[in-house]
Amino acid sequence: MENQELAKTVQELQDRVDKLEAKNSRLTMVLFSGDFDKVMAAFIIANGALAMGKEVTLFVTFWGLDALKKPTMGTAGKNILEKMVTIMRPKGPAKLPTSKMNFGGIGPKLFHYMMGKKNVEPLSSLIELAQEFGIRIVACQMSMDVMGIKSEDLIDGVEFGGVALMLGESYASNTTLFV
Amino acid sequence: MENQELAKTVQELQDRVDKLEAKNSRLTMVLFSGDFDKVMAAFIIANGALAMGKEVTLFVTFWGLDALKKPTMGTAGKNILEKMVTIMRPKGPAKLPTSKMNFGGIGPKLFHYMMGKKNVEPLSSLIELAQEFGIRIVACQMSMDVMGIKSEDLIDGVEFGGVALMLGESYASNTTLFV
Amino acid sequence: MENQELAKTVQELQDRVDKLEAKNSRLTMVLFSGDFDKVMAAFIIANGALAMGKEVTLFVTFWGLDALKKPTMGTAGKNILEKMVTIMRPKGPAKLPTSKMNFGGIGPKLFHYMMGKKNVEPLSSLIELAQEFGIRIVACQMSMDVMGIKSEDLIDGVEFGGVALMLGESYASNTTLFV
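Residue numbers (my numbering), protein chains in the order written: chain A, -15 to 163; chain B, -15 to 163; chain C, -15 to 163.
These aren't lab readings, by the way, just hints derived from the structure by calculation. As the structure is a prediction and not an experimental result, all values here were calculated from the model. Treat the hints with care, as some may be off.
You can't tell identical chains apart in this list, so a pair holds if it fits in one copy or across any two.
[Said to hold, decoys possible] List time: in silico BS3-like cross-link candidates among lysine-lysine, alpha-carbon distance up to 27 angstroms:
{"no.": "1", "residue 1": "Lys134", "residue 2": "Lys84"}
{"no.": "2", "residue 1": "Lys3", "residue 2": "Lys(-8)"}
{"no.": "3", "residue 1": "Lys84", "residue 2": "Lys3"}
{"no.": "4", "residue 1": "Lys(-8)", "residue 2": "Lys38"}
Go ahead and model the full structure; you've got the sequences and the hints to work with.
Right, dumping it as structure tokens:
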């Protein structure tokens, strides 16, 4: 191989390695769960990664969408089953149940209290903080369709997309967590 | 370093980078859960990845095996505890409970209805589709042994293997999800 | 480009590719769940990876900490809510509930019996084995603070750290699972 040709090959290799290394600066999470403790874990990890300078994409699907709902979300323009799901599911971070020790909703309040005493930010602040730090939150369009959730039912600053977008982000990231 | 020697080193580097990049064409998932909604999520992700041309390995373990059971699975040749587990666990995609809002089995029916109205394929079709697209489904041999599940109890086209196979697939994939 | 300069560039590339390939020898898991079956899955995967010669870091947080508690863990020096959480949560692998078929604690006993008949090690042995094989277990400092868990409440050989440590391990690993 000629020296010049070799130099070109090395340049191409550098570009490919750059691309592989770029994954080290990105984190993708699929937030499937709507349990207070798991949503909390997802946003603590997200904020930790953002503080380390990483780009974070949170793809929110199924029950995870409960965490993004506005407390004022209503049932107007929804069919009977969508209305039922809207009424029965918690709306927003303050209403999420814990996966263990929920005690009819007292559990999350106790945890908020215990977290506050140890200076852990409440979930609503962690979400706001992540958004200020530039997290990319993508709500799963298909889950929204099935459950009759409209874009205006969710907090501001949320994008909408599907599994292809999530996979694209995952393949640009070193780490992808399913929470 | 001589030019010829350098060319050989660059060639070796190319092979190594090829191998690292090959991970971008593979996805591995561990399906631990047997909840309808999580199995649904796993197969939606699997079909999305297959449609993007990726090779997908689904390692199915613990409760996830419920999703692969034939509805006709019987208790012949099983000991008393294995019979009990066989009778008590759901058999096949049509019988899986949802992790939330199950309502004694009405929940999954409502979700199937709501998904049908939005043209989302039912779970059994998603599994068939994934198999047609060439998904590799591996049932965890150890879980099968412990719960007394025989190979003929599971749908056709399933392979059998252990944690070493799953880890091997994971290390050949950019993304591994534990669902 | 001069031959000598090119050789230097190739050397740098080799170092970068070495680093990317080094991820193939490491596994990171976040153990969030304290369910017997999920903790079992985490340690089976961990021991499988250790047997394959990989370095394994298990970051244990939230309910997962139940699996690391000494059965003798007491309530001395804890405030009233910490005492309540201490009393109500299971302490150690022998007390963990299963996520399905728990039947008030009979489920895990049945599974231990069924696993024993198939020569699967009990969970406490899997944890010991992993520690002998050199697993790195890191207990989440923030979760411990919030729930009032002290370092002496957990089994020996456990380190303490936060989300930054976990993410650092994850970015040095090809595979990270959230269990």
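Quick rundown of the hints versus the structure:
For a Cα distance limit of 27 angstroms, the shortest separation of lysine 134 from lysine 84 across copies, 21 angstroms, qualifies, whereas the shortest one inside one copy, 30 angstroms, does not. Both within a single protomer and between protomers do lysine 3 and lysine -8 lie at most 27 angstroms apart by alpha-carbon distance, with minima of 17 angstroms and 20 angstroms respectively. When the C-alpha separation of lysine 84 and lysine 3 is checked against a cutoff of 27 angstroms, the pair qualifies neither within a copy, at 41 angstroms, nor between copies, at 40 angstroms. In this assembly of identical chains, lysine -8 and lysine 38 lie within 27 angstroms of each other by CA distance neither inside one copy nor across copies; the values are 31 angstroms within and 30 angstroms between.
The structure fails to meet hints 3, 4 from the earlier list, while all remaining hints are met.
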